[in-house]
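Asks: Can you build the whole structure from these sequences, using the hints too?
There are 2 protein chains.
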Amino acid sequence: MDIISRVMDLKTSLKQTRLKGKTIALVPTMGYLHDGHLALMRQAKMDHDLVVVSIFVNPLQFGPQEDYQVYPRDLNRDAELAAAAGVDILFTPLVGEMYPRGHQNMLTFVDVHALGERLCGVSRPDHFRGVATVVAKLFHIVEPDGAYFGQKDAQQVIVIERMVEDLNINVKVVAVPTVREADGLALSSRNIYLSSAERQAAQLLYKSLDLAKEKLGAGERDAAVIVSEMRRILAVEPLIKIDYISVSDPADLAEQKIIKKTALVALAAQIGRTRLIDNMIWRESAGVNSGADQFAG
Amino acid sequence: MDIISRVMDLKTSLKQTRLKGKTIALVPTMGYLHDGHLALMRQAKMDHDLVVVSIFVNPLQFGPQEDYQVYPRDLNRDAELAAAAGVDILFTPLVGEMYPRGHQNMLTFVDVHALGERLCGVSRPDHFRGVATVVAKLFHIVEPDGAYFGQKDAQQVIVIERMVEDLNINVKVVAVPTVREADGLALSSRNIYLSSAERQAAQLLYKSLDLAKEKLGAGERDAAVIVSEMRRILAVEPLIKIDYISVSDPADLAEQKIIKKTALVALAAQIGRTRLIDNMIWRESAGVNSGADQFAG
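So the protein sequences, as listed, match chains W and X.
Oh and the first sequence: position 14 is 14 in the working numbering, straight run, nothing missing.
Oh and the second sequence: position 41 is 41 in the working numbering, straight run, nothing missing.
Don't take each hint at face value.
Pairs of lysine-lysine, DSSO-like flavour, derived with a Cα cap of 27 Å [unchecked claim]:
| id | chain 1 | residue 1 | chain 2 | residue 2 |
| --- | --- | --- | --- | --- |
| 1 | X | 11 | W | 11 |
| 2 | W | 207 | W | 261 |
| 3 | X | 207 | X | 257 |
| 4 | X | 11 | W | 22 |
| 5 | X | 20 | W | 20 |
| 6 | W | 20 | X | 22 |
| 7 | X | 172 | X | 207 |
Worth flagging that the hints you see were computed from the coordinates, not collected in a lab.
Owing to the predicted nature of the structure, the values given are computational and were not obtained by experimental measurement.
Replies: This is the structure:
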């Protein structure tokens, strides 16, 4: 596995790859890799000849009060995990390589309006603009055939898919199912922040999604009923502060009152000082796909 | 010359071009071609193996009160002119091809903040967002090595250059000097709107820029003095209503009070119901480049 930190070096290397007729996959991450990321890499390797994993904690997608400075980083460990997963190139740019004028001096942003303002966008107003912008940059640098994202970050997947469609970007976006701990907790680099009591409490997030699935399976279609049942489960645990629970149309994230054929049940909660998200997509008859933290800064 | 109206057909054709190792230039236009556009095409043909000219009157860059519906269109004449200029492919998508969900349902926009809000951005608030977004789409569809824009639309050039830099887009942006009538009037598809009295009046726009050049050549560095001399020339003609006269830094369009080494002197004026723009870039010692209407919807 090559570790490359310069944009120009990466482009030179990938030009050779392309000349040989090989296909390229990109897995954008913020590092501190876990099994969710590794699932993305393995899927990317199955589908393509060469896999590039980017590790970049993108300042543009963090709010001023958020955890940009303390976001966990361990490049040596990440490099070992990526190499073992079959990754060909680890792209590890410094901030000055991605934002040569400084990220504060970026003037150009890609914004997926409406989609970026709902759900997590309410408490993180510039987050998805930062995500869409850095992902557009990475797409232009790598020019991948396929790009892999974790379903845990459902809203991110929907924003990126719509950006690719609206801007005619030549890449296939692939969403990979969420990888979970034995008790259901979705893997996230931020789980490292949790104390043992908080970690214990955090399993209720999945339990509440599981209850929503059960209710939907039993025929319940009133979103308010489902949300209130989920709140009831989470209310048991004083360590959990709900940011939102949302039942929306996975196509455009519009809230649904009466659930039709498909629904994204998504939630965000503060557990201590850690903000976690999780979700499941429910489809009539087809059942449930529950969605790997990777890029959700 | 091939005329292609489908995105998929254009991509298929260009894939073959690229496999042969040929380079590709893109000249984005809104059609109703004039000598300014043709200068772009000839320059593109000198620099590259294959030239694609797009003709697309982009609804996204027109304000609600602007001339989108009546913007002049003549595809047959345009096709003859482009073929004679050596163009290889004329790309003529319908609106539904560029915006399959309808342009009103676009959620993703590329916005070059600050740069898009100055000069013409004041009276045309969403214009440069519409331009940057459609140019990003065309760049993704064509994947050109070089893209050619007229210096007449100075602000557009600066917005596109900055977008390409900020988003790591793989294209060389080339600005081509403005082509003018014998009396100095910059060529523009909108000149067709002018009555003969208005056409007569319109020559003063260039005269005022010429005076600014003279003053700068004589050592004047106070922007307010230059602007007031320009206003004095234009005030003679009651048919002219000035929108703005601006002396700015061509790097970031920030207004300059005391002119340093380089300045963009730019103006917009309403002549009857027609809005025209023009500009010149002045550089100390190096003299003046005066800047082809092409894409300035």
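Asks: Would you mind marking each hint as holding or not holding in the structure?
Replies: Against the structure, the hints come out as follows:
1. Distance hint between residue 11 of chain X and residue 11 of chain W is fulfilled; the C-alpha atoms sit about 22 Å from each other, no more than 27 Å.
2. Simply put, residue 207 of chain W and residue 261 of chain W have alpha-carbon atoms about 23 Å apart, close enough for the 27 Å limit, and the pair holds.
3. Taking the CA atoms of residue 207 of chain X and residue 257 of chain X, the gap is near 22 Å; set against the 27 Å cutoff, the hint holds.
4. Between the alpha carbons of residue 11 of chain X and residue 22 of chain W the distance comes to roughly 19 Å, so the proposed pair stays at or under 27 Å and holds.
5. This hinted pair checks out: residue 20 of chain X and residue 20 of chain W have alpha carbons roughly 14 Å apart, not beyond 27 Å.
6. With a C-alpha separation of about 17 Å, the suggested pair residue 20 of chain W and residue 22 of chain X falls inside the 27 Å cut-off, and the hint holds.
7. For the proposed pair residue 172 of chain X and residue 207 of chain X, the alpha carbon gap of about 32 Å is over 27 Å, so the pair is violated.
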